[in-house]
Amino acid sequence: MSKTVCRYFFDFLDGQEKWLNNMAEHGYRLKKCGRMTYIFDECRPSEYEYTVEFVGDKSYSKAQDYCRYLEGMGFRTFTKNINLNFSYGKVRWRPYAKGMGQIATSPGGFNKELLILEKKRDGAPFELHTDVRDKLDTCKTVRRAYGWAVLLMFGLIAMTFISGVSSMSVPMTWVIRAVILIFGVLFVIPMAKYSSLINQLKEESKIFE
Amino acid sequence: MRDNIKGGALTETTFFVLLAVYKPNHGYGIMQFIEKETNGRVVLGAGTLYGAINALAKKKWIAPFDNEADNNKKEYIITDAGKQKAREELKRMGEVYKLASAIIRGERNQ
Numbered sequence: 001m002s003k004t005v006c007r008y009f010f011d012f013l014d015g016q017e018k019w020l021n022n023m024a025e026h027g028y029r030l031k032k033c034g035r036m037t038y039i040f041d042e043c044r045p046s047e048y049e050y051t052v053e054f055v056g057d058k059s060y061s062k063a064q065d066y067c068r069y070l071e072g073m074g075f076r077t078f079t080k081n082i083n084l085n086f087s088y089g090k091v092r093w094r095p096y097a098k099g100m101g102q103i104a105t106s107p108g109g110f111n112k113e114l115l116i117l118e119k120k121r122d123g124a125p126f127e128l129h130t131d132v133r134d135k136l137d138t139c140k141t142v143r144r145a146y147g148w149a150v151l152l153m154f155g156l157i158a159m160t161f162i163s164g165v166s167s168m169s170v171p172m173t174w175v176i177r178a179v180i181l182i183f184g185v186l187f188v189i190p191m192a193k194y195s196s197l198i199n200q201l202k203e204e205s206k207i208f209e
Numbered sequence: 210m211r212d213n214i215k216g217g218a219l220t221e222t223t224f225f226v227l228l229a230v231y232k233p234n235h236g237y238g239i240m241q242f243i244e245k246e247t248n249g250r251v252v253l254g255a256g257t258l259y260g261a262i263n264a265l266a267k268k269k270w271i272a273p274f275d276n277e278a279d280n281n282k283k284e285y286i287i288t289d290a291g292k293q294k295a296r297e298e299l300k301r302m303g304e305v306y307k308l309a310s311a312i313i314r315g316e317r318n319q
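Protein sequences appear in the order of chains W and Y.
Here the first sequence stands for residues 1 to 209, numbered as in our numbering.
Here the second sequence stands for residues 210 to 319, numbered as in our numbering.
Simulated from the structure, these hints should not be mistaken for laboratory data.
Some hints could be false.
To be verified - Below 20 Å or equal to it, Euclidean Cα-Cα: the simulated EDC-like pairs (lysine to aspartate or glutamate) are:
(1) Lys283(Y) / Glu71(W)
(2) Lys31(W) / Glu47(W)
(3) Lys282(Y) / Glu118(W)
(4) Lys245(Y) / Asp122(W)
Stated by the list, open to error - Just the calculated beta-carbon pair ranges, DEER-fashion:
(5) Lys120(W) / Lys307(Y): 41 to 49 Å
(6) Tyr306(Y) / Thr4(W): 29 to 37 Å
(7) Lys307(Y) / Thr105(W): 24 to 32 Å
(8) Ile312(Y) / Tyr8(W): 55 to 63 Å
(9) Lys31(W) / Ser310(Y): 53 to 61 Å
Unchecked claim - Negatives, chain Y to chain W, calculated, CB over 12 Å:
(10) Tyr231
(11) Glu244
(12) Gly249
(13) Lys282
(14) Lys307
(15) Ile313
Just so you know, even glycine gets a beta-carbon here, dropped at the ideal spot from N, CA and C.
Whenever a hint applies, use it, and build me the whole structure from the sequences.
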């Protein structure tokens, strides 16, 4: 029997991964995911486990190549959106990405910023990045994405202070500011977590590989 | 992948990947080779291995092996430049081993 759950994660990597693993522990295997929906099939509890990988910094062709490679390694893959972009028509600018990864198109890499990977639980940790340098690079990429989200939120708040931008009443404007601020804080939390992780990894990289 | 340019030292990941492709091998095979040969001490994550493979291919130390049968399991083989690097690394490690053995076993006063 299928189960559909509607959910959006501001903590799009760790939060989503924890939730998917929790669902798997309760006997739900991911079948399909949409922009805010997840469809699960029933399975044996803890039969599968999940990890979420950020690929929004990669160009579409590189992200596809990476996805094919991971499938070749035996993982089941799902693409997922984070909706963090500045858009014009069907072309989106992803300021946090590098090189050609900054341009996302639809159809293309837009709304496919994440890869959800599934494997059968075998007792081994589900770690995609094991090298300190590689972990560091990955964390920096993710922090940059959260950083831009935070910047965007504060930019939006700043815009509300420009006179003549909005015809809304003063109390309504403050409500909008408060809502944006809450979203900003929701992105600040994972950003701070990744900053702390980066500092730890930097220390480790002085000694270990 | 990070290599110490001054000293010429390769990372353990890099060196093991080079060793794993002396015979044509794909990502999963490389991962298994490293885990088996190190008795489970080194278990590479798929993402780390992907980065290492791409970096080595970019340096032309490894090259795709002509096998179009299964595109998801692209095979790689070490190149002559890669073999040269592996030999240099073996020599460097030998020197480190000799020095460390002498000091740690107390055969040499510092």
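Hint-by-hint comparison with the structure:
| no. | hint | verdict |
| --- | --- | --- |
| 1 | Lys283(Y) / Glu71(W) | holds (12 Å) |
| 2 | Lys31(W) / Glu47(W) | holds (14 Å) |
| 3 | Lys282(Y) / Glu118(W) | holds (18 Å) |
| 4 | Lys245(Y) / Asp122(W) | holds (17 Å) |
| 5 | Lys120(W) / Lys307(Y): 41 to 49 Å | holds (45 Å) |
| 6 | Tyr306(Y) / Thr4(W): 29 to 37 Å | violated (59 Å) |
| 7 | Lys307(Y) / Thr105(W): 24 to 32 Å | violated (56 Å) |
| 8 | Ile312(Y) / Tyr8(W): 55 to 63 Å | holds (58 Å) |
| 9 | Lys31(W) / Ser310(Y): 53 to 61 Å | holds (57 Å) |
| 10 | Tyr231 | holds (21 Å) |
| 11 | Glu244 | violated (10 Å) |
| 12 | Gly249 | violated (10 Å) |
| 13 | Lys282 | violated (5 Å) |
| 14 | Lys307 | holds (22 Å) |
| 15 | Ile313 | holds (18 Å) |
The structure fails to meet hints 6, 7, 11, 12 and 13 from the earlier list, while all remaining hints are met.
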